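Visitor: So the chains spell out like this:
There are 2 protein chains.
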Amino acid sequence: MTRTQFPFLASAALAALVAVPLGVFAEPVAYPEGYRHWHHAKSMVIHDGHPLADPFAGIHHIYVNDPALEGLQTGRYADGSVFVFDLLEADAGDEAITEGERKLVGVMVKGAETYRETGGWGFEGFAGDSRDQRLVSDGGQGCFACHQSQADSDYVFTRWRP
Amino acid sequence: MTRTQFPFLASAALAALVAVPLGVFAEPVAYPEGYRHWHHAKSMVIHDGHPLADPFAGIHHIYVNDPALEGLQTGRYADGSVFVFDLLEADAGDEAITEGERKLVGVMVKGAETYRETGGWGFEGFAGDSRDQRLVSDGGQGCFACHQSQADSDYVFTRWRP
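Same order as they appear, the protein sequences are chains C and V.
Each residue of the first sequence is one higher than the one before, counting from 1 in our numbering.
Each residue of the second sequence is one higher than the one before, counting from 1001 in our numbering.
Do not rely on the hints blindly, as some may be mistaken.
To be verified - Once the Cα atoms are required to be at most 20 angstroms apart in a straight line, the calculated SDA-like pairs of lysine to any residue come out as: (1) 1042/V / 35/C; (2) 1042/V / 93/C; (3) 1042/V / 102/C; (4) 42/C / 1089/V; (5) 1042/V / 1090/V; (6) 42/C / 1047/V; (7) 1042/V / 162/C; (8) 42/C / 1065/V; (9) 42/C / 1057/V; (10) 42/C / 157/C; (11) 42/C / 1095/V; (12) 1042/V / 39/C; (13) 42/C / 1101/V; (14) 42/C / 1134/V; (15) 42/C / 99/C; (16) 1042/V / 47/C; (17) 1042/V / 34/C; (18) 1042/V / 1088/V.
These aren't lab readings, by the way, just hints derived from the structure by calculation.
Note that the coordinates shown come from a computational prediction; the quantities given were computed from them, not determined experimentally.
Next up, chain C with everything else stripped away, as it sits in the complex (with noise of 0.2 angstroms):
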C-alpha cells in the first residue's frame, strides 16, 4: 500500500462502518417512471403549523401500484410494492386550494432484503420535477422513523379508499 492510497482507503473503511449500518449502500431506489397513471389511494393538504410542514407542507397524492394496491387490500406487500407521494404546492385563495408547482416526489419500495435496515422499505425523495436530484441522504433512517408508529400495517400510513 503507497502512503497516497492509505489516506483514501482509510476514509473508507471509516465511511463504510458508518453508512452500512445506516443503510447507505443499499440499492438506490428507482424514480417511479409512469406513476401519475398509478392508482390514486388518497390525498391530503398539510397547512403551515403542521408538525410534518417542513418539508411536506402543500396538497399531496398517494400513487401506488399493482403489487401496493394488492398490499393494501390484503396487508402483504410484495417486493416492488411502490408508493409515491407526490408533493404539490397548494395554492390558496378565493375560498378554494388549488394544485402549484411540484415540490418533490417521495417514493417508499419495498424490498424485504434490500432495505431490511428500515422495515424492508426503502425511502427516497426527488426534487420538483427532477429524475435525479435526490432527497434522502440518510439512507432513510428519518423516514422510517416516522413510518414506524405504523408497524401494524408494515409501515404504511396510507388506507385504501374504494
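Dock chain V against chain C, hints included.
Guide: Just chain V, lined up with the frame of chain C:
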C-alpha cells in the same frame, strides 16, 4: 283509443314536448364503474363561501378514462370519453385537510350526437356511494351552463398535470 289510454298518452305527449328540448330523454349517463382505477388528473378543495360551495364544498378529485386522457392531451374527445368528479367531505383540523365521506360522484361523458343539447356531453351525479340515486334532473342544462365558459377546450375545465 280507449278512454283510459287517452289521459296517459296526452300526458306522455305533453311531457315529451317539455322534456325533449331539455334533453331529458337523452340516453342516461351510466355510473362510471371502476373509475377509482382510472387516471387521476387533478384535485381541488372548495371551501364554504366559494360560489360553487353548494353543492361542491369539499375536496374533489378528477378521474379520467383512457379516451378522456387522450382528449386532455390532444384537445379532441372521442365519444365515450368520461370525466369523474369524485367529491368527498374535506375534514379540516390540526393544520391539515383530510378526506371524509363521499358526497357525490359527478360524471361527464362525451356523446357528440346523444348529448348534442348540452355541447356533446352528458352530465349526471350520483349521491354519496350510490350507483343509482341520480342527482341531475334537468338533462344536464345546469351543469352545461357552467361548463360553457370552457368552450375553447370542448367544455372541459380540467387540464392535464404531468
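Visitor: Hint numbers the structure violates, sorted upward?
Guide: Hint 14 alone not satisfied by this model.
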